[in-house]
Amino acid sequence: MTAELIHRLHFAFTITFHYLFPQLTMGLALLIVVLKSVALKTGSEEWNRAARFWGRIFAINFVFGVVTGIPMEFEFGTNWARFARLSGGVIGQPLAMEGVFSFFMESAFLGLFLYGEKRLSKTLHWFSAVMVFVGSWISGFFIIVTDAWMQHPVSYDRLPNGQFEVLSFWQLLLNPWGLLQYAHNMTGAVITGSFVMSAVGAFYLLDGRLPNYGRIFLKVGVTAGVIASILIIFPTGDLHGKYVARYQPAAIAGMEGLFKTETGAGLVLMGQPNEETGRIDNPIVVNDLLSFLIYGTTKAEVKGLDQIPNDQWPTALPLLYYAYHIMAGLETWFVALMIVSAFLLWRNRLYTARWALWALLLSFPLPYIANTAGWMTAELGRQPWLIYGLMRTSEGFSSTVSASNGLFTLLGFMGLYLLMGILFTVLIYREISNGPEAKAVAAEATHAN
Amino acid sequence: MMGFIWFWLVAVMIVGYVVLDGFDMGVGVLHLFLVRNEGERRATLASIGPVWDGNEVWLLSGGGTLYFAFPLLYASAFSGFYLPLMIVLWLLILRGITLELRNHVDVGVWRALLDGLFGLASALLTIFFGAALANVLRGVPLQADGYFFLPLWTNWQPGPHPGILDWYTVIGGLVALVALTLHGALWLTVKTSGELEQRARRIVTPLWFVLIVLTAVSLLATITVRPASLNNYFNYPATFIVPVGVAVSLFALWLFNRKAQPVKAFLSSCLYLFFMLAGACWGVYPTLLPATTGTANDITLSRAISGQHTLAVGLVWWGIGMVLAIGYVVFVYSKFRGKVDRPESGH
Chain F
39 MTAELIHRLH FAFTITFHYL FPQLTMGLAL LIVVLKSVAL KTGSEEWNRA
89 ARFWGRIFAI NFVFGVVTGI PMEFEFGTNW ARFARLSGGV IGQPLAMEGV
139 FSFFMESAFL GLFLYGEKRL SKTLHWFSAV MVFVGSWISG FFIIVTDAWM
189 QHPVSYDRLP NGQFEVLSFW QLLLNPWGLL QYAHNMTGAV ITGSFVMSAV
239 GAFYLLDGRL PNYGRIFLKV GVTAGVIASI LIIFPTGDLH GKYVARYQPA
289 AIAGMEGLFK TETGAGLVLM GQPNEETGRI DNPIVVNDLL SFLIYGTTKA
339 EVKGLDQIPN DQWPTALPLL YYAYHIMAGL ETWFVALMIV SAFLLWRNRL
389 YTARWALWAL LLSFPLPYIA NTAGWMTAEL GRQPWLIYGL MRTSEGFSST
439 VSASNGLFTL LGFMGLYLLM GILFTVLIYR EISNGPEAKA VAAEATHAN
Chain R
3 MMGFIWFWLV AVMIVGYVVL DGFDMGVGVL HLFLVRNEGE RRATLASIGP
53 VWDGNEVWLL SGGGTLYFAF PLLYASAFSG FYLPLMIVLW LLILRGITLE
103 LRNHVDVGVW RALLDGLFGL ASALLTIFFG AALANVLRGV PLQADGYFFL
153 PLWTNWQPGP HPGILDWYTV IGGLVALVAL TLHGALWLTV KTSGELEQRA
203 RRIVTPLWFV LIVLTAVSLL ATITVRPASL NNYFNYPATF IVPVGVAVSL
253 FALWLFNRKA QPVKAFLSSC LYLFFMLAGA CWGVYPTLLP ATTGTANDIT
303 LSRAISGQHT LAVGLVWWGI GMVLAIGYVV FVYSKFRGKV DRPESGH
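Chains F and R, in that order, are what the protein sequence lines are.
Heads up: the first sequence begins at 39 in the working numbering, then just goes up one per residue.
Heads up: the second sequence begins at 3 in the working numbering, then just goes up one per residue.
Any given hint could be a false lead.
Said to hold, decoys possible - Calculated pairs, DSS-like style, for lysine-lysine (alpha carbon to alpha carbon, straight line, at most 30 Å):
| id | chain 1 | residue 1 | chain 2 | residue 2 |
| --- | --- | --- | --- | --- |
| 1 | R | Lys341 | F | Lys160 |
| 2 | F | Lys160 | R | Lys266 |
| 3 | F | Lys156 | R | Lys266 |
| 4 | F | Lys79 | R | Lys337 |
| 5 | R | Lys261 | F | Lys156 |
| 6 | F | Lys156 | R | Lys337 |
What the hints assert, rightly or not - Where chain R lies over chain F, by a calculated footprint (3+ residues, C-beta under 8 Å):
| id | segment |
| --- | --- |
| 7 | 331-337 |
| 8 | 410-420 |
Claimed, not checked - Computed beta-carbon distance windows for the label pairs:
| id | chain 1 | residue 1 | chain 2 | residue 2 | range |
| --- | --- | --- | --- | --- | --- |
| 9 | F | Ile460 | R | Trp155 | 25 to 35 Å |
| 10 | R | Arg260 | F | Gly459 | 43 to 53 Å |
| 11 | F | Arg392 | R | Arg38 | 46 to 56 Å |
| 12 | R | Gly110 | F | Arg392 | 32 to 42 Å |
| 13 | R | Ser304 | F | Ser206 | 42 to 52 Å |
| 14 | R | Val318 | F | Asn348 | 42 to 52 Å |
| 15 | R | Gln200 | F | Met452 | 53 to 63 Å |
| 16 | F | Thr54 | R | Gln310 | 54 to 64 Å |
| 17 | R | Gly329 | F | Asn250 | 54 to 64 Å |
| 18 | R | Gly110 | F | Ser206 | 41 to 51 Å |
Just so you know, the hints here were simulated from the structure itself, not pulled from any lab data.
Glycine included, each C-beta is placed from N, C-alpha and C at the ideal position.
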């Protein structure tokens with residue numbers, strides 16, 4: 039295994055595991071604000087307890103996000119030193135800003151939210167929930183700005199020593215690629231949050247206990263879920279896709295499995311890309327639809343991989359194709375399930391429609407898969423570039439860190455994360471079994487003094 | 003000028019990290035020896051529960067600021083110290099997970115395991131951080147292209163081809179272990195009460211004696227390993243105030259602890275850490291990472307710095323951001339002020 043592959047796997051593995059947690063953090067932060075707002079407005083102790091319950095799950099999830107997040111910042115230097123050396127002046131900026139503007143806010147107010155309920159007024163406690171939400175969403179923004187510059191470098195200059203420098207601070211922050219990606223990504227996080235909340239609600243109702251809380255969770259989860267499931271496709275996904283098509287034709291050709299340039303290109307719903315023959319095996323295609331989705335007309339020409347020099351093809355073509363299709367397929371399921379559930383909720387029939395509750399319960403892992411697949415689409419689509427069009431991935435990894443040392447620490451992370459994954463599952467399962475009425479964990483009892 | 007400013011801004015972040023997360027780690031080490039029952043353990047851990055993760059943010063923000071202001075240093079040091087940094091990451095993960103989750107577990111055996119791992123991770127972290135600083139002071143075998151790679155150990159000698167651990171860096175690790183354990187003990191005298199507080203107060207004096215010896219040894223060792231550390235001091239004799247500050251704060255720490263003024267004793271300990279780190283920074287300035295392969299390979303301020311425009315813009319948002327951040331920190335600490343296990347009026 040080459041050092042380049044090891045360093046790619048190292049980052050890919052640690053970031054994939056890491057992002058399982060922030061997507062729930064960000065989605066849930068919004069929903070907790072909703073719960074707290076209703077509690078504050080109506081004075082309902084039930085809604086407040088619901089907020090506290092999700093606060094406990096949030097806390098566990100947040101810690102896993104924090105401790106798996108630190109390696110990500112470090113790995114820019116440890117595993118991608120040659121990239122860090124040249125890019126620090128640009129993307130070091132949003133990364134440092136994330137710490138300075140978001141993490142201080144988030145950690146401070148999370149401490150207050152979790153441990154300070156008895157020390158704060160009701161409004162101030164609600165306010166700390168809002169600040170945790172704002173902090174986590176700002177954090178997401180700076181990470182997207184970082185990625186967006188690698189996907190679509192804007193407003194940069196090169197110093198004589200090869201380092202990149204920012205020309206306009208605001209153009210870096212307001213990179214159109216970043217804004218579209220941010221909208222799409224945050225919607226994805228809300229989908230994760232709302233599916234998880236709905237699933238727990240469905241679980242309580244199916245299990246026949248805690249029906250009051252089950253209803254609250256379904257009400258909030260399905261309402262947020264139907265909005266987010268629509269927004270993920272239109273307009274955020276649609277606009278983002280068009281932008282990718284405009285600036286990364288190789289990525290879109292790879293995602294769609296379009297080997298040959300076509301006028302009136304069809305949309306491949308299923309099939310396996312065959313790199314040897316340059317065709318899709320076992321295809322199920324809707325004629326002209328791809329041209330229509332990208333350009334708004336069925337007759338438009340869509341650039342295929344045949345028009346792209348071979349050394350600029352995405353390096354993991356089939357994986358890119360599958361990742362994109364998995365994401366898009368799951369999004370379709372989200373919209374279908376959530377529209378039906380929302381309809382039932384509106385007709386007041388959801389709480390007794392066991393088949394719908396089962397579907398909601400069993401669907402909770404799917405947003406995690408969709409979010410992961412979406413990020414794989416973005417990052418594999420960027421290959422073979424590290425900074426699109428400017429720096430290749432092969433030029434960025436740490437040349438002094440051998441494949442062997444990289445493999446050693448990759449295996450270390452795999453072992454550690456396996457244990458943590460098991461631990462996380464057990465702890466969350468326990469919180470859900472105990473339910474919102476359970477006495478607060480021991481920690482809060484002590485802190486509250 | 004920009005270089006000078008950003009050098010000290012990064013230094014401030016590092017000091018902030020050591021002073022704040024330092025007591026978390028110290029408490030982590032101490033709780034293994036100091037507490038007698040579950041109630042005391044809870045009080046001990048509750049003293050850092052709401053703040054540890056905010057304290058850790060100083061490391062992340064410091065890292066981000068370093069990456070932004072001195073990309074060459076970030077790239078070189080992080081890839082060169084690859085193995086110890088990965089171990090630090092694992093320890094940080096272990097520390098955070100064990101601390102946060104022990105309260106979600108109600109089986110005694112698992113709790114004991116988590117507590118033990120928490121103490122162990124805290125102790126190893128202090129040693130690694132101390133050794134890391136000592137590595138920077140000693141220098142690393144930088145190549146002309148600005149990169150190096152250090153094994154964990156070679157022959158335990160700080161010669162031209164050292165490892166991460168040699169006799170000098172081990173001293174650095176021990177200084178950090180004792181200094182931060184002492185720092186944690188003083189934090190406990192501020193935050194706890196009763197017998198626990200008394201025990202924490204009593205353990206300060208023996209730790210203090212060890213720390214005096216280690217501090218003196220580490221200063222002498224630094225001068226031996228890298229005599230150039232003294233150049234800045236002799237060129238600007240007024241800066242001998244820094245070692246004087248080390249001595250004074252160390253004395254004040256002991257005095258205030260004896261007079262049972264825990265807050266003042268804790269702040270003296272903060273000052274001690276500040277002076278030690280500032281003294282180290284001043285000892286290498288304007289070099290960021292000295293080379294054991296000849297000064298031509300040193301990573302200096304002017305070589306590592308980002309573009310001037312980048313840094314000028316950075317100064318604006320960094321200033322605004324840190325004022326806000328310090329506001330949050332002060333707010334949180336004031337909300338959680340007072341002893342953890344003594345009910346206060348109105349709650």
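Cross-check of the supplied hints:
no. : hint                               : in the structure
1   : R:Lys341 with F:Lys160             : 23 Å, holds
2   : F:Lys160 with R:Lys266             : 34 Å, violated
3   : F:Lys156 with R:Lys266             : 28 Å, holds
4   : F:Lys79 with R:Lys337              : 25 Å, holds
5   : R:Lys261 with F:Lys156             : 33 Å, violated
6   : F:Lys156 with R:Lys337             : 11 Å, holds
7   : 331-337                            : violated (count 0)
8   : 410-420                            : violated (count 0)
9   : F:Ile460 with R:Trp155: 25 to 35 Å : 33 Å, holds
10  : R:Arg260 with F:Gly459: 43 to 53 Å : 49 Å, holds
11  : F:Arg392 with R:Arg38: 46 to 56 Å  : 53 Å, holds
12  : R:Gly110 with F:Arg392: 32 to 42 Å : 41 Å, holds
13  : R:Ser304 with F:Ser206: 42 to 52 Å : 25 Å, violated
14  : R:Val318 with F:Asn348: 42 to 52 Å : 45 Å, holds
15  : R:Gln200 with F:Met452: 53 to 63 Å : 46 Å, violated
16  : F:Thr54 with R:Gln310: 54 to 64 Å  : 38 Å, violated
17  : R:Gly329 with F:Asn250: 54 to 64 Å : 39 Å, violated
18  : R:Gly110 with F:Ser206: 41 to 51 Å : 59 Å, violated
Consistency note: the structure conflicts with the earlier hints numbered 2, 5, 7, 8, 13, 15, 16, 17 and 18.
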